[in-house]
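Asker: Could you slot chain B onto chain A? The hints should help.
Chains as they are written, first to last, in the UniProt record's numbering: chain A, 1 to 447; chain B, 1 to 447.
No lab work stands behind these hints: they were computed from the structure.
In this text, all values refer to a predicted model and were calculated from it rather than measured experimentally.
There's no promise every hint is true.
Which copy is meant is left open, so a pair is good if it fits within one copy or across any two.
Said to hold, decoys possible - Cross-link-like lysine to any residue pairs, in silico, SDA-like; alpha carbons within 20 Å at most:
# : residue 1 : residue 2
1 : K102      : V283
2 : K8        : D403
3 : K102      : G86
4 : K191      : H332
5 : K161      : L151
6 : K391      : V306
7 : K161      : T149
8 : K31       : A63
There are 2 protein chains.
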Amino acid sequence: MINRTLVKNLAALPDGPVTVSGWVETVRDQKKVQFVILRDESGAVQLVNPATRELEEGADAAASARLATTEAISALSHGSFITVSGELKHDERVKLGGLEVKIGTLDVVTEANPETPIAADSSLDKRMDWRFLDLRHPKQALIFRIQTTFLHALRGVWVEKGLIEIHTPKLMASASESRAELFEVDYFEGKAYLAQSPQFFKQMAQAAGFGGVFEVGPAFRADPSFTSRHATEFTSIDTEISWVDSHDDVMALHEELMVAGFTAVKEKHGAEIAELFGVELEVPATPFPRIPLAEAKQIVADRGYVIPRADDDMDPEGERQISAHVKETYGHDFVFLVDYASSIRPFYHMRHEGDPSLTNSYDLIYNGVEISTGAQREHRIDVLVEQARDKGMDPEELEFYLDFFRYGVPPHGGFGMGLARVLMLMLGEQSIRETTYLFRGPTRLLP
Amino acid sequence: MINRTLVKNLAALPDGPVTVSGWVETVRDQKKVQFVILRDESGAVQLVNPATRELEEGADAAASARLATTEAISALSHGSFITVSGELKHDERVKLGGLEVKIGTLDVVTEANPETPIAADSSLDKRMDWRFLDLRHPKQALIFRIQTTFLHALRGVWVEKGLIEIHTPKLMASASESRAELFEVDYFEGKAYLAQSPQFFKQMAQAAGFGGVFEVGPAFRADPSFTSRHATEFTSIDTEISWVDSHDDVMALHEELMVAGFTAVKEKHGAEIAELFGVELEVPATPFPRIPLAEAKQIVADRGYVIPRADDDMDPEGERQISAHVKETYGHDFVFLVDYASSIRPFYHMRHEGDPSLTNSYDLIYNGVEISTGAQREHRIDVLVEQARDKGMDPEELEFYLDFFRYGVPPHGGFGMGLARVLMLMLGEQSIRETTYLFRGPTRLLP
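Chain A with its partners taken away, still in its complex shape:
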């Protein structure tokens, strides 16, 4: 590896020789002295060079080198990657971190095209066109460090509990959720479909006796909508566990995972999040408030908002309203809306014993937006077939899935959660486009 010191590690070093590598954020090319702000993945540092603008008569090789360095700095374009060896000097007058590096040698590793196609005020769409430049901003890059920490914390919980990591196929012979949002693939002589969720396959693991599984992977929805919360491809966080009594057990696991994730993120990135996003991250208290959907709708109605839907579901404004109510009443950013009506839930959600109009299911709302759906699944084959028919589905087409329930299966449940939505709401961002590495939508397949 190129022998460099990460910028964040400079502060702990004594004055003396160092090598740093990164890209040029700014150049201030003054007559007598030149300043370069160099950034790497860990931070930014000021480089300084006393300018040598011309050679005196009889100048030596060292003077020539100084002139060359000065000219190289003058020619530096924003974004170029450079390696600089020089002298580290701690100096509290330097605003940026109280230190600077006096340039000895400068190596331009890759020169950037001087015309930078995006600026700080470019539109989101333009920034997405040039996502690799957009991601150089510390704020944007931090999102993916947070993602890393969040997921690692979740996996720590799963592994500790003995859950098994699976990688379910994304190529399927038929729909896992609804036909409407299905992408079709040319598959040799026939057709395949892209998985809308790992739902069927994580349930299969329960029939296989795995006890509990998790997966973080892509899911695909041929959803033509252009909202700030939808993508045609997104990263889904999925888990499914056996031997649940009800969806309460799924919610308990869900809470534990969120607390672990938020705790790790706050610990590792809390200060940076406050600085760059202006957000004081809070680790949510458990248990999260739970409100039956019917009650939530009443609360929203009492607040004066009429949900303009014919079915039994909430709408995005309703979710914002109930979230505001929970925040005002309980001071909590999260709320489980529970016991959704069967009419608006998929056939595989278990229905209440004694009241088949309701399901053992929930949505998790965070800062006003739904981030997850969870449920206990129906594991009794006769009931499951009945519920599929009830939804107008053809059990013939579901045979491979229904087979999972014909050779014994424990009661089970789980949830799926959109990673980009969690990050968006955690950081107060306006769109999942900001919290997705490379967004995919109906009109966006590039870069």
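Answerer: Showing chain B alone in chain A's frame:
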């Protein structure tokens, strides 16, 4: 949650009341006593019930209950999921773990269809048809516990080093590797393609200044071959790091990851692997042997094997031969074949300075099979465009990718590795079908 004790935890409990839940592996229904082997995700335990075959005159309710339990056990079908509460008794005469549970109450949670469609000697294809039953076997299930441990160890290394987890899009506007193996997707009014690898996007992260990234996710190859090493969808382990001097730096990271993964797997599952697979897992010593490809081909030729290929590449038998040579000579299961010819490497591999016929690349061979390809990438835009042309590619079609190199990019490299292949070779399995949760091939999309 249903309040149960995992079977593996019974040994540490004193004699007394316990509840266990799992599926019925076998029933021995003798006249006077009944035995059930119950298995859960952690192990198997013997349940015992003194049979009550008929009621005497004036029998009490308890006797009726005993009769009912006896009859329920007689009727138990293999595979049914049950919950049993009873008395744990340690008894060293019991072969299975030196303990048994005397059945108090038995609850049949889900009854299995009594006709089990697969048996121990079923063909692999038949077992794949009924994968959820196949995975109930301890040997098959262990593979996915090993997978979990292996990946968690790798991620531990990456996170410790500050690498960033990314989730690259699987829907692309054009090919990432070769047109030949591309799946086409109907994408709204147009077409998209499934990513053959995250190659372009993990390189994008280097241009974005991320420093280093990793991803474990699906990759798709419309490969019509039916070998034991190929799938149309597989889980790819990918990493890419900035500021490498050459492919040597990539190999050093690769070794470190393998050692961490194997160490964790050996520690957690070594005994079970020995028992179920007959394999004494070895943590590989570092550095792994490195042999230039040209030299490897000479060694193979000297062993008397003529590689039947017109190009400069190895073939599978050649890989087995060189692996055998390395095992005999260095006692090592791994070997890096380095410096592949440019003619058989993709356009984005960096070529040797001074000898453009060779690349800064390697394949990692493990127990005779290639599991990974790694390389330093060409980051100089002019050279990269030239190499693309040299391979007959149209730079126009690669514009979005080539842009990554026009605004500054550090030297970088990385590798991609097939998870199922590593597991197959680690456990001495014959096919990646055994080490893939749900295999996908030209004629397999179900379940």
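Asker: Next, verify each hint and record whether it holds.
Answerer: Cross-check of the supplied hints:
1. K102 x V283: neither (42 Å within a copy, 46 Å between copies)
2. K8 x D403: neither (55 Å within a copy, 29 Å between copies)
3. K102 x G86: within (5 Å within a copy, 76 Å between copies)
4. K191 x H332: neither (47 Å within a copy, 44 Å between copies)
5. K161 x L151: The answer is both: 15 Å in one copy and 16 Å across copies each meet 20 Å.
6. K391 x V306: neither (27 Å within a copy, 62 Å between copies)
7. K161 x T149: Both: 19 Å inside a chain and 12 Å across chains, each within 20 Å.
8. K31 x A63: within (17 Å within a copy, 103 Å between copies)
In summary, the structure is inconsistent with hints 1, 2, 4, 6 from the numbered list given earlier, while agreeing with the others.
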